[in-house]
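Asker: The primary structure of each chain is shown beneath.
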Amino acid sequence: MNLIIAILLLPFFTAAFSALMPKVGTARRGLVALSAWLQLAVALALVELTRGGERLVLPLGGWPGRFGIVLAVDLFSAIMVTLAAVCSVAILHYGFFETPRREEHPLRLPLLQFLVVGTQLAFITGDLFNLFVAFEILLIASYGLMTLESSGAEIRHAFPYFAINLIGGLLFFCAAGLTYGLLGTLNFAGIAERAGAMTGDARFSGLAVLLLCVFGMKAGLFPLYFWLPKSYPIVPTPVAAFFSGMLTKVGVYAVLRLLTTVLPHEMGWLHTALAWVAGATMLFGVAGAIAQNTIRGILSYHILSQIGYIVLAIGLFTPFSIAAAIFYLAHHIIVKTSLFLIGGVANRLEATDELDAMGGLWKQAPFLGVLFLFQAFSLAGIPPLSGFWGKLLILIATVQTREYLLLAIALLAGLLTLFSMLKIWNGAFWKERPAPLPPPPSGNRPNLPRMIAVIAGLTLISLSIGLGAEWFYQLARQAAETALDQPGYVRDIARALPPPPLP
Amino acid sequence: MLIETAILVGFLFGAGTWLVLQGSFVRILFGFLVLSNAANLLVLSVSGDPSGKSAPLAFLGAPYVDPLPQALILTAIVIGFGTTAYLVFLLYRFFVDFRTTTFDGAREKEEKP
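So the sequences go chain by chain: A and B.
Start counting the first sequence at 1; every next residue gets the next number (this note's numbering).
Start counting the second sequence at 504; every next residue gets the next number (this note's numbering).
In short, the hints are calculated from the structure, not lab data.
Possibly wrong hints are sitting among the right ones.
Covered, in the sense of this in silico footprint (three residues per stretch, anywhere, with C-beta under 8 Å from a C-beta of chain A), are these stretches of chain B [what the hints assert, rightly or not]: (1) 539-547; (2) 569-582; (3) 592-601.
Because the structure is a prediction, the values reported are computed rather than measured.
C-beta: ideal position from N, C-alpha, C; glycine also.
Working from the sequences, and respecting the hints, build out all of it.
Answerer: Next comes the structure, spelled out in structure tokens:
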């Protein structure tokens with residue numbers, strides 16, 4: 001199925017061409033925007049093709065046996081690919097309206113496209129080593145983006161991000177090598193086939209824990225989350241929105257894919273441990289958010305508590321809870337991206353990010369306030385917005401599995417989420433501004449109405465997830481079912497591979 | 504052969520970890536280099552005891568050493584090279600901004616500029 005490769009080649013060639021184009025300007029922006037919309041179209045086509053539970057498999061290079069690189073897309077991958085494409089379109093347009101054409105850093109667009117290449121490769125790859133390569137591509141692009149437009153003092157806050165990801169990359173590489181040593185294959189299907197006989201083997205259990213640690217590190221799970229709230233606030237708004245929407249979710253995707261499709265389902269102790277780690281992440285994330293006093297700081301900590309919800313649903317490990325996790329993932333990516341963009345507009349309007357110094361946004365930009373209320377209530381889980389259905393599904397899953405303590409933690413985290421969202425609402429929108437606004441800086445002004453229009457588009461998507469929850473839930477259920485179907489996965493991959501050559 | 508490799512890998516991981524935990528950026532950079540070599544050696548040893556086996560070339564006749572871990576290492580070396588180059592530039596930028604290569608020095612500079 002050759003359409004799969006388009007989702008990689010489009011951003012890859014866009015990145016290469018746009019880096020080589022001599023001038024920043026309209027032509028380059030047009031090229032990147034066109035490519036982003038095309039990527040979205042391809043992603044939607046992939047969803048349409050996999051909606052019935054089919055798997056699209058592309059063995060690259062036609063290598064026989066289990067040694068070549070295999071790309072495999074099922075509905076879960078296709079949903080993630082689509083979300084990444086939506087995010088990328090939104091933040092590109094936001095960036096276009098925020099920064100005047102001539103002031104854009106010449107490397108920002110190419111690096112963003114490379115980031116998309118890494119993200120999409122992580123979602124569609126069918127072997128462990130290729131997943132490592134995808135992580136490295138997106139990490140290197142993100143290192144670049146993080147230091148590209150920040151000052152010296154800000155760069156210091158990015159060091160924990162570099163450190164944790166360099167160590168994470170090394171551990172992932174070791175884990176991939178050890179997997180090959182233990183099982184003789186790196187292919188997801190090959191691992192799934194051979195791991196069944198290894199359950200209970202201490203070496204295999206250790207390997208599984210190592211892999212989960214690596215992915216948990218990327219996802220920002222407790223206790224290795226300290227890098228995230230420090231580093232995300234220093235990057236420019238559109239880049240931060242993509243980071244917060246997609247990057248940690250790549251880690252969550254890897255955890256879900258590993259547990260459902262690759263590892264045997266009988267590892268109950270691992271799932272329980274993961275659920276409790278998720279509970280701790282939720283509490284610590286939301287507690288950190290309460291202590292923050294900037295919009296971006298609060299939102300960054302909220303990424304953690306929301307990751308906790310998703311991983312909790314994965315840890316409960318019933319078909320229902322996996323579907324809930326996928327639904328929540330979709331809701332969370334859209335809402336988080338748009339909240340970061342709202343924070344960016346608020347920052348522009350108020351010339352500060354400190355909640356104490358802000359105020360009166362409600363009078364300045366009432367429509368922005370309406371959008372913020374929708375998305376913040378959605379994050380907190382007020383019906384009928386998308387976050388309510390996501391939380392409801394996860395809470396039902398905790399009741400089904402009789403994890404009442406985790407249920408209590410999840411409810412408490414939800415309440416505190418609402419509290420810190422109201423803190424932003426009171427601080428930035430509702431109260432009077434303590435000091436009068438400084439005069440706006442001279443030079444090119446950002447195009448605020450259009451920036452808000454981009455956010456409105458994202459809000460519309462998350463509203464439709466909330467109002468059409470049944471349809472989206474059925475999609476998530478089908479995605480979970482396909483992801484959990486290991487024999488089917490092994491069979492579909494084997495069918496697509498060329499037969500081994502005769503000796 | 505494998506026991507010696509295991510000891511060497513353990514030593515390299517230990518030394519790399521110690522270097523990474525230092526306060527000076529230069530040492531951290533060297534720590535990452537050592538750690539990535541340790542990881543490469545670990546993955547290389549996955550292909551098993553090489554004694555009595557030949558390099559995986561055509562027409563030599565079996566038994567071969569398993570070539571796949573070597574392919575993995577090659578990829579990791581390339582990625583590690585890129586990351587190291589990036590870190591060297593970051594170190595330079597850090598030095599230009601703070602006129603020091605230790606984190607304590609940078610913190611002092613930040614507190615009283």
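Asker: Of all the hints given earlier, name the ones this structure violates by number, lowest first.
Answerer: none
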